[in-house]
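Construct all of the structure, not just a fragment, from the sequences and the given hints.
Line order of the protein sequences matches chains D and L.
Sequential numbering from 1 applies to the first sequence in the numbering used here.
Sequential numbering from 583 applies to the second sequence in the numbering used here.
Any given hint might turn out to be false.
Claimed, not checked - Here are the computed distance ranges between Cβ atoms for each label pair:
{"id": "1", "chain 1": "D", "residue 1": "Ser185", "chain 2": "L", "residue 2": "Pro646", "range": "20 to 26 Å"}
{"id": "2", "chain 1": "D", "residue 1": "Ser240", "chain 2": "L", "residue 2": "Met881", "range": "48 to 54 Å"}
{"id": "3", "chain 1": "L", "residue 1": "Pro646", "chain 2": "D", "residue 2": "Ser543", "range": "45 to 51 Å"}
Stated by the list, open to error - Chain D regions said to be covered by chain L (calculated; three or more residues, Cβ under 8 Å):
{"id": "4", "region": "64-76"}
{"id": "5", "region": "473-483"}
Bear in mind the hints are in silico, worked out from the structure with no lab data behind them.
The beta carbon of each residue, even a glycine, is placed where N, CA and C say it ideally should be.
Spelled out, the chains give:
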Amino acid sequence: MEGHTLKRMRFAFALMLALSLFLTACSGSKSDPAPNNTSSNTTGGETAAPANQGPKGTLKYYLTDKPTTFDPAMVTDVSTNQILQNVFSGLVTFDTKGGVIPDLAEKFDVSADGLTYTFTLKADAKFSDGTPVTAADFKRSILRNFHPGVGSPTGVSYLDDIAGAQKFMAAKDELDAQLKDNKISEADHTKKVMEAFEALKNDPSITVKDDKTLVLVIDKPKPFFVMKLTYPTGFVVGKSFPDDAPLGAAPENVAKAIGAGPFTMDSYTEGSMVVLKANANYAGEKAKVATVEMPVISSPQARLAAYRAGQIDVNEVAGADYPTLKADPELSKHLLEWAGARVNYLALNQIVLEAAKNKDFRLAVAHAINKEQLVKVVWNDTHLPAYGVLPDTISGANGAKIQKVEYNVDKAKDYLKKSGYEGLEFTITYRAQDEVTQRLAEFIQSQLTTNLGLKVNIEPMEWSALLAASRQKTELESFYLGWSADYPDPQNFLSLLLHSKAPYNRYGYANPEFDAMVEKADVMPNGPERMAEYAKAEQFAISDGAWTPLTYPKNIFLIRPTVKGFSYNSMGVLPLNTVTVE
Amino acid sequence: MNALVAYVVRRLLALIPTLIVISAITFFMGFTAPGDPVTMMLGERAKAEQVEALKAQYGLDKPPLVQYWRFLSGAARGDLGMSYSYQGRPVADMLGKAFVVTLKLGAAATLFAWGTGLVLGILAGVNRGKFIDHLSMLLAIVGVSLPVFVEALALMYLFAVYLRWLPAIGWGEPKHYVLPAIVLGTRSAALVARITRSAMLDVLNQDYVRTARAKGLSGGRVVLKHAVKNAMIPVMTVLGTTLGTLLTGAFITEQIFGIPGIGRISLQSIFQRDYPVIQASVMLVATIFVVINLLVDLMYGVVDPRIRYS
Chain D
1 MEGHTLKRMR FAFALMLALS LFLTACSGSK SDPAPNNTSS NTTGGETAAP ANQGPKGTLK
61 YYLTDKPTTF DPAMVTDVST NQILQNVFSG LVTFDTKGGV IPDLAEKFDV SADGLTYTFT
121 LKADAKFSDG TPVTAADFKR SILRNFHPGV GSPTGVSYLD DIAGAQKFMA AKDELDAQLK
181 DNKISEADHT KKVMEAFEAL KNDPSITVKD DKTLVLVIDK PKPFFVMKLT YPTGFVVGKS
241 FPDDAPLGAA PENVAKAIGA GPFTMDSYTE GSMVVLKANA NYAGEKAKVA TVEMPVISSP
301 QARLAAYRAG QIDVNEVAGA DYPTLKADPE LSKHLLEWAG ARVNYLALNQ IVLEAAKNKD
361 FRLAVAHAIN KEQLVKVVWN DTHLPAYGVL PDTISGANGA KIQKVEYNVD KAKDYLKKSG
421 YEGLEFTITY RAQDEVTQRL AEFIQSQLTT NLGLKVNIEP MEWSALLAAS RQKTELESFY
481 LGWSADYPDP QNFLSLLLHS KAPYNRYGYA NPEFDAMVEK ADVMPNGPER MAEYAKAEQF
541 AISDGAWTPL TYPKNIFLIR PTVKGFSYNS MGVLPLNTVT VE
Chain L
583 MNALVAYVVR RLLALIPTLI VISAITFFMG FTAPGDPVTM MLGERAKAEQ VEALKAQYGL
643 DKPPLVQYWR FLSGAARGDL GMSYSYQGRP VADMLGKAFV VTLKLGAAAT LFAWGTGLVL
703 GILAGVNRGK FIDHLSMLLA IVGVSLPVFV EALALMYLFA VYLRWLPAIG WGEPKHYVLP
763 AIVLGTRSAA LVARITRSAM LDVLNQDYVR TARAKGLSGG RVVLKHAVKN AMIPVMTVLG
823 TTLGTLLTGA FITEQIFGIP GIGRISLQSI FQRDYPVIQA SVMLVATIFV VINLLVDLMY
883 GVVDPRIRYS
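Next up, the structure:
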């Protein structure tokens with residue numbers, strides 16, 4: 001009944017399909033670690049031939065997300081920072097111990113009153129296109145952060161210590177309020193803001209003394225000011241950057257993203273791959289590797305597969321994968337861990353939860369959580385237990401010397417009895433992220449329920465909602481959040497999180513003694529006395545139960561043995577100019 | 583011919599009110615959800631005054647109706663606005679580039695889904711009850727039950743990590759298409775296989791098939807000339823759905839293989855509260871479905887000469 005024709009045709013069809021799939025596969029396969037051309041279908045993406053001496057090889061790095069911007073004034077996320085901090089540079093940077101060292105400025109002097117900073121640029125400071133970097137370029141780059149057209153979300157936070165910037169922000173806030181109350185028209189508002197911006201440009205707190213000398217005057221003698229200049233908002237950008245608009249992350253903007261860092265941006269395939277090339281004109285330690293390929297791989301599982309397949313040579317390790325990797329005979333040798341600059345904490349909100357105002361209640365909760373067990377059970381030892389506000393990597397941290405609020409169920413019960421809040425019911429809100437965060441919340445819940453007999457409810461909340469709610473201050477009874485260092489100075493943690501008027505104090509902690517300590521330390525000249533003052537403040541906050549620190553996440557990476565010279569610091573963004581690839 | 587053109591124009595014009603309604607619903611739903619793009623940008627670092635100031639700067643503090651009107655009048659002029667989360671990027675540009683990527687991936691996945699589905703379905707239908715039938719249907723069940731995530735990682739580990747025949751992630755060259763196209767197309771392939779099998783079984787029992795066989799035509803010719811062509815009509819029904827899904831439902835596949843398509847952009851924009859991108863994505867998806875359904879309806883006319891457009 002079935003003719004041979006039918007059988008043959010069926011077979012032919014199937015074979016054709018299989019063959020076509022195979023051919024597609026074989027046409028471009030087996031081309032793994034060869035550092036050849038990347039798929040850059042972008043405008044202006046030339047691939048320069050690497051020099052015979054000098055930088056060589058390709059570092060196969062990665063990105064966890066596609067870049068949100070090419071503009072140092074606009075960057076807010078770690079992934080984009082990883083690119084921009086290698087393409088752009090500033091006056092200063094920090095070393096592996098968290099201290100400030102010169103970058104494009106060969107030195108800086110601070111006046112006796114701690115208010116005037118004079119930066120002298122390196123004579124050979126150049127942009128990647130060979131044009132010299134001048135003090136005027138720096139002034140322009142810094143001021144851009146305040147231009148309303150640019151709309152920098154972070155510039156103000158990092159640069160508003162400059163006296164003129166404070167004046168500008170005050171004037172702008174006033175105009176914004178007037179606009180909101182309909183006292184002036186939008187056109188008037190825009191005109192007056194621009195007038196204030198012009199005034200800022202002429203303000204004596206930012207002066208170009210000559211081509212290589214820039215003078216900045218701040219409002220109070222805050223020694224952490226120069227630390228804040230290590231963040232991209234203080235970096236210098238090329239003349240191709242518009243003064244009144246941000247430079248978006250687009251393939252056609254690659255040619256405009258001119259900086260003075262150790263690498264140049266060579267190409268960007270939208271959403272998929274960023275390629276950097278060594279910048280021969282960099283005035284600091286020049287890059288040893290010729291090319292850096294950064295494919296966008298959001299999925300941690302896919303990243304690990306890509307690492308195993310040899311497509312990337314560096315990978316950050318997720319907590320869930322850590323035990324498997326440690327047990328792997330080959331990959332365990334690729335693991336590198338070091339301390340980070342982040343603290344995760346549980347905060348009891350004094351504004352909403354009456355009991356949180358009671359120091360004994362706060363200490364009861366703090367003593368009732370077993371952090372050693374927490375890092376094992378929930379985090380697979382990818383975190384360290386935290387007993388202080390400051391991770392050990394931040395100077396001024398008490399570290400191991402701190403007088404701990406340690407896990408002690410009897411003490412906890414005593415404090416609870418003293419507080420009079422036995423049997424209290426309250427809710428802990430946490431980020432709805434993954435099973436690890438879920439396990440964490442359940443762990444804390446079970447500890448407080450078992451050890452103290454409290455009735456604890458846990459409530460997952462979507463990230464954006466949680467951020468908005470915690471910012472409101474009047475919505476959540478208690479919550480789990482964290483804080484990563486913007487710059488490795490204790491002020492960034494203690495003053496910004498726990499001062500009664502601090503912008504990030506979302507739990508109503510207000511203690512005048514603590515306030516006095518950090519206010520004093522914030523304006524002391526840098527040195528051991530300043531650090532000692534912060535150490536005192538940290539101890540005070542811990543003994544007062546301000547909030548309960550839980551863990552310090554570690555940085556854990558897989559690094560292929562062929563990649564050497566990996567310099568790492570606690571800050572989480574890694575400079576790539578010291579890396580070599582065999 | 584005129585009737586056909588008029589039909590197409592009518593269908594396309596009906597798209598406009600659809601888009602307006604969809605955009606309105608999406609827009610006002612966005613307002614009820616807590617959070618905003620500025621908060622998402624700044625994350626833990628968002629300070630109350632800073633967020634308010636930036637929202638004002640980006641025009642997010644205006645009343646919803648004013649904002650919606652701005653969006654609508656812009657869209658009418660073809661200007662879909664600027665992204666909030668990706669400052670400096672026009673939404674139309676972002677989505678346009680992503681859509682091209684999705685089209686390519688969707689085309690590859692469709693080729694795989696329909697190629698495999700049709701072959702398996704025809705083989706199964708013609709050889710009912712035999713081994714090849716059972717095998718095809720088993721594959722179809724596995725294909726439809728296997729979660730995308732599991733299949734993607736399994737294939738990635740097999741072909742990229744162990745065999746090293748294909749790259750694990752990436753986009754741009756033909757080799758990057760293979761695994762994602764297979765993963766994306768598997769569920770559709772299974773659906774097509776089962777529907778084709780049923781359609782073939784139906785058709786092979788029809789009178790005209792027995793007539794053809796009685797006339798003495800060989801089995802192969804019977805199948806290809808008469809049976810398959812007639813079986814295609816019901817099978818076409820799913821063409822629209824599968825095409826639509828393949829073009830718009832690729833989020834997990836895109837996420838895992840690192841493919842910059844509209845699946846990722848649209849889902850990420852929701853998470854980031856990037857309202858203009860959410861709007862444009864939803865409108866794009868609606869347009870895709872309308873256009874695809876129109877094309878499928880037109881194809882019915884090609885396959886079945888009895889259909890007229892009045």
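Going through the hints against the structure:
At roughly 22 Å, the beta carbons of Ser185/D and Pro646/L sit within the given window of 20 to 26 Å. A beta carbon spacing of about 50 Å between Ser240/D and Met881/L agrees with the range 48 to 54 Å that was offered as a hint. Remark: the range hint 45 to 51 Å for Pro646/L to Ser543/D is upheld by a beta-carbon distance near 48 Å. A stretch counts as covered by a chain when three or more of its residues have a beta carbon under 8 Å from one of that chain; for the region 64-76 of chain D and chain L the count is 6, and the coverage holds.
Restraint check on the region 473-483 of chain D versus chain L: 3 residues with Cβ-Cβ distances below 8 Å, three needed, restraint holds.
Hint check: no violations occur; every hint is consistent with the structure.
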